[in-house]
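These protein sequence lines map, in sequence, to chains W and X. In terms of the numbering used here, the first sequence is residues 362 to 691. In terms of the numbering used here, the second sequence is residues 362 to 691.
Here are the simulated BS3-like cross-link-like pairs (lysine-lysine), alpha carbons at most 27 Å apart as the crow flies: (1) Lys570/X / Lys570/W; (2) Lys595/X / Lys602/W; (3) Lys626/X / Lys606/W; (4) Lys595/W / Lys627/X; (5) Lys595/X / Lys627/W; (6) Lys570/W / Lys627/W; (7) Lys602/X / Lys606/W; (8) Lys606/X / Lys626/W; (9) Lys623/X / Lys627/W; (10) Lys627/X / Lys627/W; (11) Lys377/X / Lys671/X; (12) Lys570/W / Lys595/X; (13) Lys623/W / Lys602/X; (14) Lys602/W / Lys570/X; (15) Lys606/X / Lys570/W; (16) Lys606/X / Lys606/W; (17) Lys606/W / Lys595/X; (18) Lys623/W / Lys595/X; (19) Lys626/X / Lys570/W; (20) Lys595/W / Lys606/X; (21) Lys546/W / Lys546/X; (22) Lys626/W / Lys627/X; (23) Lys570/X / Lys626/W; (24) Lys433/W / Lys540/X; (25) Lys540/W / Lys595/X; (26) Lys602/X / Lys627/W; (27) Lys540/X / Lys470/W; (28) Lys627/X / Lys623/W; (29) Lys595/X / Lys595/W; (30) Lys626/W / Lys623/X; (31) Lys602/W / Lys627/X; (32) Lys595/X / Lys626/W; (33) Lys626/W / Lys626/X; (34) Lys623/X / Lys606/W; (35) Lys570/W / Lys623/X; (36) Lys602/W / Lys602/X; (37) Lys595/W / Lys602/X; (38) Lys623/W / Lys570/X.
Bear in mind the hints are in silico, worked out from the structure with no lab data behind them.
Residues per chain are reported as follows:
Number of protein chains: 2
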Amino acid sequence: MGGDFGPDVVVPAAFKALSRHPELNLILVGQETVIEQAIQAQKKTSERLSIHHATEIVGMDELPSQALRGKKDSSMRVAINLVKEGTAQACVSAGNTGALMATARFVLKMLPGIDRPAICTTLPTIEGHTHVLDLGANVDSDAQTLLEFAVMGAALTSAANNQHQPTIGLLNIGEEEIKGNERVKEAARLLGNSHLNYIGYVEGDGIFKGAADVIVCDGFVGNVMLKTTEGVAKMISYYMKQEFKRNPLTLLAGLIAMPVLKAFKKRIDPREYNGASLLGLQGIVIKSHGSADAYSFATAISEAVLEVKKDVPTRITRVLEGQVAERQTS
Amino acid sequence: MGGDFGPDVVVPAAFKALSRHPELNLILVGQETVIEQAIQAQKKTSERLSIHHATEIVGMDELPSQALRGKKDSSMRVAINLVKEGTAQACVSAGNTGALMATARFVLKMLPGIDRPAICTTLPTIEGHTHVLDLGANVDSDAQTLLEFAVMGAALTSAANNQHQPTIGLLNIGEEEIKGNERVKEAARLLGNSHLNYIGYVEGDGIFKGAADVIVCDGFVGNVMLKTTEGVAKMISYYMKQEFKRNPLTLLAGLIAMPVLKAFKKRIDPREYNGASLLGLQGIVIKSHGSADAYSFATAISEAVLEVKKDVPTRITRVLEGQVAERQTS
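Extracted from the complex, chain W is given alone in its bound form:
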C-alpha cells in the first residue's frame, strides 16, 4: 500500500516480476478491495499471485515509532510478519523507510553479531557497478559499525556478483589537511586486520570509477552521496534536454541522435538500480524508492528474488563467523 502510488504501481510490477521469474510466488499485502481493483485494471490473472488482507496503511511521513506501536495491522507490519512466520521468504516495500526499518528490526530481529540494520544499494560505475552502504540507517557510525557494514556488504556483493572475495573500500576524503576523521581511521585499522579484501580509502569520485566492489561509509555521508548522485544526474539530463530544445535545428539534431540518447538514458536509468537491501536482519527486506514506477518496482522484486536464492542473511552470518574465528585464532 506504500510509496507514492500504492497498488497502482505494485500490482503491474507484480505481473512483470511473475513473468520474469517463473519460480516466483507473490503475496500482495494490503486492503483487499483496493488490490483487487488494481488487479482487474491489469486484465491479467496468475495462480502465483495471492492477496493477504491488512486493514491499515503506514503514512509516508508517519513517525516510525507511531507506525510500530499504533498500526499492528498495517500492510507493512503484516508483510514482515509473513516473513517472520516463514510464509514469505522476503518482503518488498515502497513505503516509509524509517517505519520499514523499525518494524523489520522489531519483528525479525537482528542477526547475531550485527547491531543495527544498514541500507545497501547498487550504483553504476564506468565499467560495471558497485554496492554502497550505509545509505541512511545509521548516523555517526563508529569504527566497529563500519566494519559490520563491510561484512554485510561483502556477503551481499559476493552473492550478487558470484565473486569470492569482493574488494572493500572505505569512503574518505583525501586531499585535505586532516585526512578523514578518527572513526574512519580506526575503521581502516580494523578492516586492515580483518579477513576481508580491504583495499583502502576511496574518495567520492572513486565510487564511480569502480575503485571497489563494496564502498563502506557512515549513513549520513552515504545518504548525501546517494542523493547527490540523483541530483547531478537529473540536472545533467535537464541541461541536455534544454540544449536539444533550443531551436528547430537542435531539435532535428536531437531526433537524429534519439536512438543514441535513448541507449545512453537507459544506462543511467535509476530504475535499473531500484531496490535497496535492509541488511543485518534475520530475514530479507527490500526497500523500493517511494516514487518507483512498475518497471522500477519490479527491479526491487528481482533484488528480493536474488537475495532469497543466495540466502544473503546466512552468508552474512558466515562472513561474520569467519571474522570472529579469525579473531579468536589470531
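Using the hints provided, position chain X relative to the given structure of chain W.
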C-alpha cells in the same frame, strides 16, 4: 609552482586573466628562471605582470606541517607573505590544499570570531548556481562551526550575487528513521535563531535543484559530495561518448548533434567553477584545482578579483558583527 603543471598552466592563465581584467596586476611567485621560460614560451609581455622569486616548492603530497616549518621560502609561503604585507591583495594557488590552508592560517591569521578556515566553492544548479561549504577543511564540525560556515557563506554569496540576504540551507538526510545527527539538529536551532536567511534542511539532490543560495555542511560530507559530483559527471560523459562511438551510424548522429553536445558540455564544464575560497582568513586566498588547465586557473584568478573588489573578509566580519549585535540585544 604548485598544481600538476606549475608555470606551464599558471603563466598562460595569467595572460588570460590580465586581458579579462584591465585593472589587474599579477605577481608570479616562484623560481624566476622557470617562470621566465614559461613567459617566453607564450611570446607575450605585459607591464602588469611581474615575477617575485622564491627558491622552494611545496610538494603536492607533502605534509602541511612540514611545508609550514621546513619551507619558509616556498612559492606558496612567499605569495601569502605578499598578501600579509599588503603588496598583494589576494593569493591564488593550485598547490597542496592542506599546506595552503595551514600556511595561510599561520601567516594571515583568522578573522576575529572565526575559529578555522572553511573551503567554499560554487556549484551549478538547474537554473543558476549555489555556494557550498565546507568542502574538507574541517571534519566532525560542531553546531557553532556550522553556524560560522553559514555566516561566511552568506558574506561571500551576497558579494558574488549582489544579493542582500542569500538563503541558507543546512545539508541533511531526510527520509530515514534518524533524521540527521545531533550536531546538524543543534546547528538548525542556532541558524533558526540567527539573523541569517535560514530556510531549513536541504538534501543532497536539493543542492542541484537550487534549494538555497548557500549550502552548509561538515567538511567530510561536503568533500564526499563534491567528489561524487565530479565522479557522476565524468561517468555520464564517458557513457555518452561510448554510445556515440558505438558504430558508424551513431558516430554520424554524434557529428550532427555536435554543436548541441558542445553547448551542453560547456554547461557542465568544471572549469567554469574552478577557484575555491579559503574563507575566514584575514586575507583572500583562492585554491585552484591541482589539475586545472590555463582556462580553469584563469577562472580561479577571476574569483580572487571578485573577492578583492567586494572585500569579502570585511563582509564576513560585518555579517558576524550583525550576528553578535543581535545576540547582545536579544
